[in-house]
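Peer 1: Given only the sequences and the hints, what does the whole structure look like? Please build it.
Number of protein chains: 2
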Amino acid sequence: MNGAESLVKTLLASGVDTCFANPGTSEMHFVAALDRIPGMRCVLGLFEGVVTGAADGYARMADKPAATLLHCGPGLANGLANLHNARRANTPVVNIVGDQATYHRPLDAPLTADTEGWARPVSVWTRTATRAASVGADAAAAVQAARGAPGGVATLVLPSDVCWDAGGRVAAPLPDLPVPKVSPDAVQQAARVLRSGQPTLVVLAGAALREAALADAHRIAAATDARLITPMSNARVARGRGRLAVERIPYSGEAARTRLAGIRNVILVGAPPPVTFFAYPGQSPRPYPEDAVIHVLARPEEDLGEALARLADELGAPKVQPSAGGPRAEIARGAVTSEAVAQTLTALLPEQAVVVEESVSFGRAFYPGTVHAAPHDWLQLTGGAIGDGLPLATGAAVAVPGRRVVALQADGSGMYTLQSLWTMARERLDVTVVVLANRKYAILLGELAGVGANPGKTALDMLDLGNPDLDWVKLANGMGVEAARAADMESFADLFRSANQRKGPFLIELVI
Amino acid sequence: MNGAESLVKTLLASGVDTCFANPGTSEMHFVAALDRIPGMRCVLGLFEGVVTGAADGYARMADKPAATLLHCGPGLANGLANLHNARRANTPVVNIVGDQATYHRPLDAPLTADTEGWARPVSVWTRTATRAASVGADAAAAVQAARGAPGGVATLVLPSDVCWDAGGRVAAPLPDLPVPKVSPDAVQQAARVLRSGQPTLVVLAGAALREAALADAHRIAAATDARLITPMSNARVARGRGRLAVERIPYSGEAARTRLAGIRNVILVGAPPPVTFFAYPGQSPRPYPEDAVIHVLARPEEDLGEALARLADELGAPKVQPSAGGPRAEIARGAVTSEAVAQTLTALLPEQAVVVEESVSFGRAFYPGTVHAAPHDWLQLTGGAIGDGLPLATGAAVAVPGRRVVALQADGSGMYTLQSLWTMARERLDVTVVVLANRKYAILLGELAGVGANPGKTALDMLDLGNPDLDWVKLANGMGVEAARAADMESFADLFRSANQRKGPFLIELVI
Numbered sequence: 036m037n038g039a040e041s042l043v044k045t046l047l048a049s050g051v052d053t054c055f056a057n058p059g060t061s062e063m064h065f066v067a068a069l070d071r072i073p074g075m076r077c078v079l080g081l082f083e084g085v086v087t088g089a090a091d092g093y094a095r096m097a098d099k100p101a102a103t104l105l106h107c108g109p110g111l112a113n114g115l116a117n118l119h120n121a122r123r124a125n126t127p128v129v130n131i132v133g134d135q136a137t138y139h140r141p142l143d144a145p146l147t148a149d150t151e152g153w154a155r156p157v158s159v160w161t162r163t164a165t166r167a168a169s170v171g172a173d174a175a176a177a178v179q180a181a182r183g184a185p186g187g188v189a190t191l192v193l194p195s196d197v198c199w200d201a202g203g204r205v206a207a208p209l210p211d212l213p214v215p216k217v218s219p220d221a222v223q224q225a226a227r228v229l230r231s232g233q234p235t236l237v238v239l240a241g242a243a244l245r246e247a248a249l250a251d252a253h254r255i256a257a258a259t260d261a262r263l264i265t266p267m268s269n270a271r272v273a274r275g276r277g278r279l280a281v282e283r284i285p286y287s288g289e290a291a292r293t294r295l296a297g298i299r300n301v302i303l304v305g306a307p308p309p310v311t312f313f314a315y316p317g318q319s320p321r322p323y324p325e326d327a328v329i330h331v332l333a334r335p336e337e338d339l340g341e342a343l344a345r346l347a348d349e350l351g352a353p354k355v356q357p358s359a360g361g362p363r364a365e366i367a368r369g370a371v372t373s374e375a376v377a378q379t380l381t382a383l384l385p386e387q388a389v390v391v392e393e394s395v396s397f398g399r400a401f402y403p404g405t406v407h408a409a410p411h412d413w414l415q416l417t418g419g420a421i422g423d424g425l426p427l428a429t430g431a432a433v434a435v436p437g438r439r440v441v442a443l444q445a446d447g448s449g450m451y452t453l454q455s456l457w458t459m460a461r462e463r464l465d466v467t468v469v470v471l472a473n474r475k476y477a478i479l480l481g482e483l484a485g486v487g488a489n490p491g492k493t494a495l496d497m498l499d500l501g502n503p504d505l506d507w508v509k510l511a512n513g514m515g516v517e518a519a520r521a522a523d524m525e526s527f528a529d530l531f532r533s534a535n536q537r538k539g540p541f542l543i544e545l546v547i
Numbered sequence: 036m037n038g039a040e041s042l043v044k045t046l047l048a049s050g051v052d053t054c055f056a057n058p059g060t061s062e063m064h065f066v067a068a069l070d071r072i073p074g075m076r077c078v079l080g081l082f083e084g085v086v087t088g089a090a091d092g093y094a095r096m097a098d099k100p101a102a103t104l105l106h107c108g109p110g111l112a113n114g115l116a117n118l119h120n121a122r123r124a125n126t127p128v129v130n131i132v133g134d135q136a137t138y139h140r141p142l143d144a145p146l147t148a149d150t151e152g153w154a155r156p157v158s159v160w161t162r163t164a165t166r167a168a169s170v171g172a173d174a175a176a177a178v179q180a181a182r183g184a185p186g187g188v189a190t191l192v193l194p195s196d197v198c199w200d201a202g203g204r205v206a207a208p209l210p211d212l213p214v215p216k217v218s219p220d221a222v223q224q225a226a227r228v229l230r231s232g233q234p235t236l237v238v239l240a241g242a243a244l245r246e247a248a249l250a251d252a253h254r255i256a257a258a259t260d261a262r263l264i265t266p267m268s269n270a271r272v273a274r275g276r277g278r279l280a281v282e283r284i285p286y287s288g289e290a291a292r293t294r295l296a297g298i299r300n301v302i303l304v305g306a307p308p309p310v311t312f313f314a315y316p317g318q319s320p321r322p323y324p325e326d327a328v329i330h331v332l333a334r335p336e337e338d339l340g341e342a343l344a345r346l347a348d349e350l351g352a353p354k355v356q357p358s359a360g361g362p363r364a365e366i367a368r369g370a371v372t373s374e375a376v377a378q379t380l381t382a383l384l385p386e387q388a389v390v391v392e393e394s395v396s397f398g399r400a401f402y403p404g405t406v407h408a409a410p411h412d413w414l415q416l417t418g419g420a421i422g423d424g425l426p427l428a429t430g431a432a433v434a435v436p437g438r439r440v441v442a443l444q445a446d447g448s449g450m451y452t453l454q455s456l457w458t459m460a461r462e463r464l465d466v467t468v469v470v471l472a473n474r475k476y477a478i479l480l481g482e483l484a485g486v487g488a489n490p491g492k493t494a495l496d497m498l499d500l501g502n503p504d505l506d507w508v509k510l511a512n513g514m515g516v517e518a519a520r521a522a523d524m525e526s527f528a529d530l531f532r533s534a535n536q537r538k539g540p541f542l543i544e545l546v547i
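Sequence order for the protein chains is B and Z. Per the numbering used here, the first sequence starts with residue 36, numbered consecutively. Per the numbering used here, the second sequence starts with residue 36, numbered consecutively.
For the record, the hints were derived by calculation from the structure and aren't laboratory data. Worth double-checking, as some hints may not be accurate.
You can't tell identical chains apart in this list, so a pair holds if it fits in one copy or across any two.
[What the hints assert, rightly or not] Computed list of lysine to any residue pairs in SDA-like fashion (alpha-carbon distance at most 20 Å, straight line):
no.: 1; residue 1: 509; residue 2: 520
no.: 2; residue 1: 538; residue 2: 502
no.: 3; residue 1: 475; residue 2: 297
no.: 4; residue 1: 492; residue 2: 462
no.: 5; residue 1: 492; residue 2: 73
no.: 6; residue 1: 475; residue 2: 462
no.: 7; residue 1: 475; residue 2: 77
no.: 8; residue 1: 492; residue 2: 200
no.: 9; residue 1: 492; residue 2: 52
no.: 10; residue 1: 99; residue 2: 435
no.: 11; residue 1: 492; residue 2: 75
no.: 12; residue 1: 492; residue 2: 77
no.: 13; residue 1: 354; residue 2: 278
no.: 14; residue 1: 492; residue 2: 72
no.: 15; residue 1: 538; residue 2: 473
no.: 16; residue 1: 492; residue 2: 47
no.: 17; residue 1: 99; residue 2: 247
no.: 18; residue 1: 492; residue 2: 463
no.: 19; residue 1: 99; residue 2: 172
no.: 20; residue 1: 492; residue 2: 273
no.: 21; residue 1: 99; residue 2: 48
no.: 22; residue 1: 509; residue 2: 484
no.: 23; residue 1: 354; residue 2: 280
no.: 24; residue 1: 475; residue 2: 515
Owing to the predicted nature of the structure, the values given are computational and were not obtained by experimental measurement.
Peer 2: Dropping the structure here:
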């Protein structure tokens, strides 16, 4: 058994049975091993950003890591932006990067790069395999590290000779690392703050946004008047009719500060202290009042669900019934607005859909406007590295066949990783892509206005995606995805309804 | 004057007047400054790999650096692969990466990443600006560092507050750093080796591949029977009718070893010791015999043209007349082969064309088969990080308006940075893109065969770009580039001839 075979067998034994790949020469022995050993689903991406973003989306829905297969330092580099997003989402990913043979690397062949150095900032664990005999054990350790709460990217650099050398040994799966429980002190301190009657914000993130944890959070809020909120961007939120809704901190620092005025305490549940996305001259980078006191109920790596349950019990808080949500919404008609799209989504979103949203500017009404849609999971760009939406949708669809994935995708960010469409077509993934085509970097036009200058031609040209207009129907067709264009809400509703009923992907270019 | 304005004015004063950009929020003050200060041509790319590859192509043809404008660590990450290629090409690039405000960075907002750490492996110079008062001086230093022989990537990380703070000061251009001349000892040692009569290889790279330097290299070869050769991949080679041709080291290690058998001495002129692209079990990673002796006439940072001239003089070598190259070739007819494409290129290539080649497998006959084409420059992928061809073509076309750029682009690598087509359309660049559509990763099929296994379905699926077929005509149209498909050499010749006569880009999908 060569090293590559021991690696594949160890991954399978450790429960990793899906590999998003864009291989190169140095990975050919790994590819050959995948051929000989059944059980690994291999999904090809035509660009590494697709591969890493899909691995992120897969694990967010599968609750276990996929493997990637990338080619040398530059292949890793192409996948770094979406690994950055995965890092911010605390997503488990077993990130395998093929590389030069151990004895070839010092010769500095053209592809040689600082593979480990590039991987380290996005990884909770980084190792370069050195021998066929130990690469199985390396793989088992990588899976364990990736799965360790709250989850992270474990990068295994894989020199080609480690793959082709004989003497590979399959390693037994390593046990999951224990998830630390919060201390009784932290629970009691949070309870004291909540009982004080002072305006208190509870910031929920990560595993606190799953259905059971949210139910306990609502017990706490109902018993104490605490205000529940989530960060602007979250890996996965359970929401929709019959579930309890939580608002997000607004993207704009000014809106956030207005929204959080008067808050005296901030209790963190798996979240970092809130911070604005960017700094602006003369504005505070914190969205909460400067004199608010930060308390930590649970750190991201602790058992967040258990922490909320214990706090709710400590407070003697009874269960809360979610509201029925009223009659089912009608589809919107007429002009395309953010609110109209949210209304139609509420009317037509399939049960248990997975919504992937990458549309900060036009999409402002989508999240608040869809609380009464059918139950669904909502996935977002977590690290601000745009170009994550289409890959996330790809990976999510691989993870949960039978559930419709709806990608709400701005055109500017969609162009970063449009190659995802080809993988959707090839794998016949049940994804409805809605491209929100405003043909500009709308968010940056707002930011430029904030700079105070009267923007001139040079600046406007740099934020304009028209000249020429992108034709998303042709782009989709060029990669084997059927597509159509809508310019009013009636035709959008027709297309959206029929898209969600078909097998395989469909793209709607919604001109806004 | 704010920091951003002082930066733009300093760049212009230092001769940097072109900026390839994909800006974000943290760059808005820089964008606003570009508006207020005339003279900088801004070229927008819809993905950072387009931006950095275009900056590489621009400088290879303009012989001076362009600036980039990237957005934070993840934006840099998306551009790293083509900066890796630029590093291997020794291309001067002033790589500007906007980033979080100095006081915002410690708060670890979602986009915060290890910007400097990611930049360093591809950069000859890396600095994070800290004050508006000194960012002008930082920019002047960056230009000087990028231009320092043999050229490299100088990365300036630009926190947003450094841009918006008042007190910016324009810095005077710094002088070019002196280019070291080779020592008389090195020249005499090389002359001794060449006079010894032993089979000797002279490896030419970088500036040794410009027209005047090549003429001196041919004097040396004619006077001594030395064998001239270049690395497999080169930043820019002057070639075509009336110029002296130099062969390349073959890509395949086996072919290279056969070709270089019997060599006793290797003289390096701006080149590293030759090494195979990848290692293979049981094969030497060196393409030359193990007992060959390596000599260095000139290191990459030395004056290569002057070194060759002095060596030719030392040898008393007379001038060599290039051969006339015979009658102009006829276009090829019938089936599409690598040799047929080379023949048609030889017949139809416009005078002073810039050829950008990224087609290692099908393109094997292109380079040897076009030595008698009209005089042209030939640009290649230098670092093996695929997805450089279309961006290089974009940047080259910006650098030398009036010269036709011909991009010979494999389909698999073309998909990495297909967003380049939009920039070509927007800037109406005179580029003829020939996509060589074999609908597979052909080079990897060869590598997989080399692994010895009988490839099965899993492996073949991972190297197959069919299912679904990419439709490059639709992809091009979707980004505003006119396009057509050719499946035989007659229609290819018709399309190629007319494409080269039009203003602006045209894409030919050549089904092979």
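Peer 1: Each hint: holds or not?
Peer 2: Verification of the supplied hints:
no.: 1; hint: 509 x 520; verdict: both (10 Å within a copy, 16 Å between copies)
no.: 2; hint: 538 x 502; verdict: between (35 Å within a copy, 16 Å between copies)
no.: 3; hint: 475 x 297; verdict: neither (37 Å within a copy, 61 Å between copies)
no.: 4; hint: 492 x 462; verdict: between (43 Å within a copy, 15 Å between copies)
no.: 5; hint: 492 x 73; verdict: between (58 Å within a copy, 11 Å between copies)
no.: 6; hint: 475 x 462; verdict: between (31 Å within a copy, 17 Å between copies)
no.: 7; hint: 475 x 77; verdict: between (36 Å within a copy, 16 Å between copies)
no.: 8; hint: 492 x 200; verdict: neither (60 Å within a copy, 24 Å between copies)
no.: 9; hint: 492 x 52; verdict: between (52 Å within a copy, 17 Å between copies)
no.: 10; hint: 99 x 435; verdict: within (12 Å within a copy, 51 Å between copies)
no.: 11; hint: 492 x 75; verdict: between (52 Å within a copy, 12 Å between copies)
no.: 12; hint: 492 x 77; verdict: between (47 Å within a copy, 11 Å between copies)
no.: 13; hint: 354 x 278; verdict: within (13 Å within a copy, 85 Å between copies)
no.: 14; hint: 492 x 72; verdict: between (58 Å within a copy, 12 Å between copies)
no.: 15; hint: 538 x 473; verdict: neither (28 Å within a copy, 28 Å between copies)
no.: 16; hint: 492 x 47; verdict: between (56 Å within a copy, 19 Å between copies)
no.: 17; hint: 99 x 247; verdict: within (19 Å within a copy, 60 Å between copies)
no.: 18; hint: 492 x 463; verdict: between (43 Å within a copy, 18 Å between copies)
no.: 19; hint: 99 x 172; verdict: within (19 Å within a copy, 50 Å between copies)
no.: 20; hint: 492 x 273; verdict: neither (44 Å within a copy, 38 Å between copies)
no.: 21; hint: 99 x 48; verdict: within (13 Å within a copy, 54 Å between copies)
no.: 22; hint: 509 x 484; verdict: neither (33 Å within a copy, 36 Å between copies)
no.: 23; hint: 354 x 280; verdict: within (15 Å within a copy, 82 Å between copies)
no.: 24; hint: 475 x 515; verdict: between (25 Å within a copy, 16 Å between copies)
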